[in-house]
Amino acid sequence: MRAVAWVASAAGLLGLCATPVPCLSVRSYDNLTLAEPAGALEADYFSDYLPASFAEIEESKTRRRGLLQRLGGWMRRSRVFRRRRPKSEEEPQAIELKTFAGGAELDPEAAPETPLPEAPLSRRQRLMERLRSWRRSFGGAASRARSALGQGWRRVRTGLANMADRFRGRFGRRTPFRFTSNQAPGQAVLAFLATSLPVKVPEGEILDIAREAQVGEGTQIKLVSATTGAAVDLTIGEALGSGDYSAVFAASVQNAKTDIAVKIFFGNKEEQLTVAATEARVLDLVGLKDPEAAMQQIRIVAPIDTLVYPEEATVDAAKTVTQFLLVPRAAVSLLSITRFLRSEEAETFDKRALTEARLAATVQTTQLLAALHSSRLVHGLLDPKSFLLFSDGLFYLSNLGHARRHGERLVTSKQSRYSAPEVFEDQSTPYTYSRDAFPLGVILYELWCGRLPFNIGTPGVDSSEKVEVSHPATVYASLQNLAAVLTFEQCSPDMPLPVQNLLRKFMNQRRWARLLPQAALDDADFQAIVEMITRASSDENHL
1 MRAVAWVASA AGLLGLCATP VPCLSVRSYD NLTLAEPAGA LEADYFSDYL PASFAEIEES
61 KTRRRGLLQR LGGWMRRSRV FRRRRPKSEE EPQAIELKTF AGGAELDPEA APETPLPEAP
121 LSRRQRLMER LRSWRRSFGG AASRARSALG QGWRRVRTGL ANMADRFRGR FGRRTPFRFT
181 SNQAPGQAVL AFLATSLPVK VPEGEILDIA REAQVGEGTQ IKLVSATTGA AVDLTIGEAL
241 GSGDYSAVFA ASVQNAKTDI AVKIFFGNKE EQLTVAATEA RVLDLVGLKD PEAAMQQIRI
301 VAPIDTLVYP EEATVDAAKT VTQFLLVPRA AVSLLSITRF LRSEEAETFD KRALTEARLA
361 ATVQTTQLLA ALHSSRLVHG LLDPKSFLLF SDGLFYLSNL GHARRHGERL VTSKQSRYSA
421 PEVFEDQSTP YTYSRDAFPL GVILYELWCG RLPFNIGTPG VDSSEKVEVS HPATVYASLQ
481 NLAAVLTFEQ CSPDMPLPVQ NLLRKFMNQR RWARLLPQAA LDDADFQAIV EMITRASSDE
541 NHL
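For the sequence shown, the UniProt record's numbering assigns the number 1 to the initial residue and increments by one for each residue that follows.
Please keep in mind that the hints were generated in silico from the structure rather than gathered at the bench.
List of simulated lysine-lysine pairs, BS3-like, C-alpha gap at most 30 Å:
| id | residue 1 | residue 2 |
| --- | --- | --- |
| 1 | LYS289 | LYS222 |
| 2 | LYS385 | LYS257 |
| 3 | LYS385 | LYS289 |
| 4 | LYS269 | LYS289 |
| 5 | LYS222 | LYS269 |
| 6 | LYS414 | LYS200 |
| 7 | LYS351 | LYS385 |
Cβ-Cβ distance ranges computed for the label pairs, FRET-style:
| id | residue 1 | residue 2 | range |
| --- | --- | --- | --- |
| 8 | GLU489 | SER133 | 54 to 60 Å |
| 9 | PRO493 | SER196 | 21 to 27 Å |
| 10 | PRO493 | ARG405 | 38 to 44 Å |
| 11 | SER538 | THR180 | 18 to 24 Å |
| 12 | ASP233 | GLU292 | 21 to 27 Å |
| 13 | ARG146 | ASP284 | 46 to 52 Å |
| 14 | GLU311 | ALA148 | 53 to 59 Å |
| 15 | GLY229 | GLU489 | 56 to 62 Å |
| 16 | GLU465 | GLN296 | 45 to 51 Å |
| 17 | LYS257 | SER196 | 23 to 29 Å |
We treat Cβ as the ideally placed atom computed from N, Cα and C, and that holds for glycine.
With the hints as extra help, turn the sequences into a complete structure.
Following this line, the structure appears as structure tokens:
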């Protein structure tokens, strides 16, 4: 029997069994017959010791199998011969052994599987694993620390900028400014433009709301004065424009001394009511009681009277209209002049006259803000429609519904394309004089160049897609140095160098270093512009 087992085992090892049925090796130990596959290498090649128990048999098999694998590792890939097993390779499966006793299969649990032991990592590998783990841990902590430090630094920087800006506005050198006469440089050419510009029908969402409320041309409304309580019969005329939550119409009332307009506020939301109430009491904010004195000294469009619906009114408009403000009627706004200057119709006008008009507008708008800031009041939401040109050639400041005193805060949903970068970054930025200086520079840049600076999409000039993509909030967030991208290549060829220098100072990215309108009155570039417009006004032959 022993000889038969040796022969069968040798045949299985050398691959001499070519039949589909595995070669079997048969052993007999104390009347125990064991049949098994010959290819599993169970034969005893290196010892003639025959174990008597099943456990000793399996231990002997495992020992011999390991020895054969070490000797013939080139024939079969084994974990023992690799430093590290790839992740993609599956774990080696233990060989399933089947035992038979007298031709019957025994319980598989009697032959437990013996997995191959994993190769231990070397000292270098353990060190590298530990370093990778530390790097992952410290890398995440460092990233969180950098983010926290960045946020903290931005808050500190913003806080310091607010403090510096407010300190400069409160304790800096300021020269109080008031208008002392109804004369201004370039007044004649601006008066000519005010009466010569073609009138266009205004459009706007607020005008559609007015039509839905049945408020339009020819409408007659019985109102009550909020100051005197007297009854007022108001007749609505043509639409003139729109403001903050308001529509402006020509109007007529009994015993009116001058041409008047009515500014109708719509909406009952908190912000809309706040804007309407602020504009109604703008005289209290500037410390004056007479609307005529306000127009002469500060040149703001102050309300002549505030009208409301009587308590017994039941019309539908009373549910949406907040109040009516009677104001002096202007000829055009600076927005209309800007649009005219970049149109083909301006080609028919004298070039020197148009340059003089731009110079005059630059001087007057700067003086308007200087006079407003002398009353410690900040406009807060400047745009070209905030400057109204009357038929006498003088500009006046309007749309003061968002005005606040220096240092106060006001969070509003309204945003202007002309606002300062810090306003787009944080709408709760305190009101300071520099908040008005930057939009003044943007407005004057559009007046001279026909488009907004910094490649911001200009409504009416660029496509709607360009206007939407190149919003100021997006542009300012992507630019680190505004002065580097501020160019005047597309501006009027007659734009003087002092005007360029003045606009650069107004549009300084650092608000604490920005030129303020009050300080601009003593600036050398502003004085040069005044001399230019004075010399141009003395020559009356160019009109």
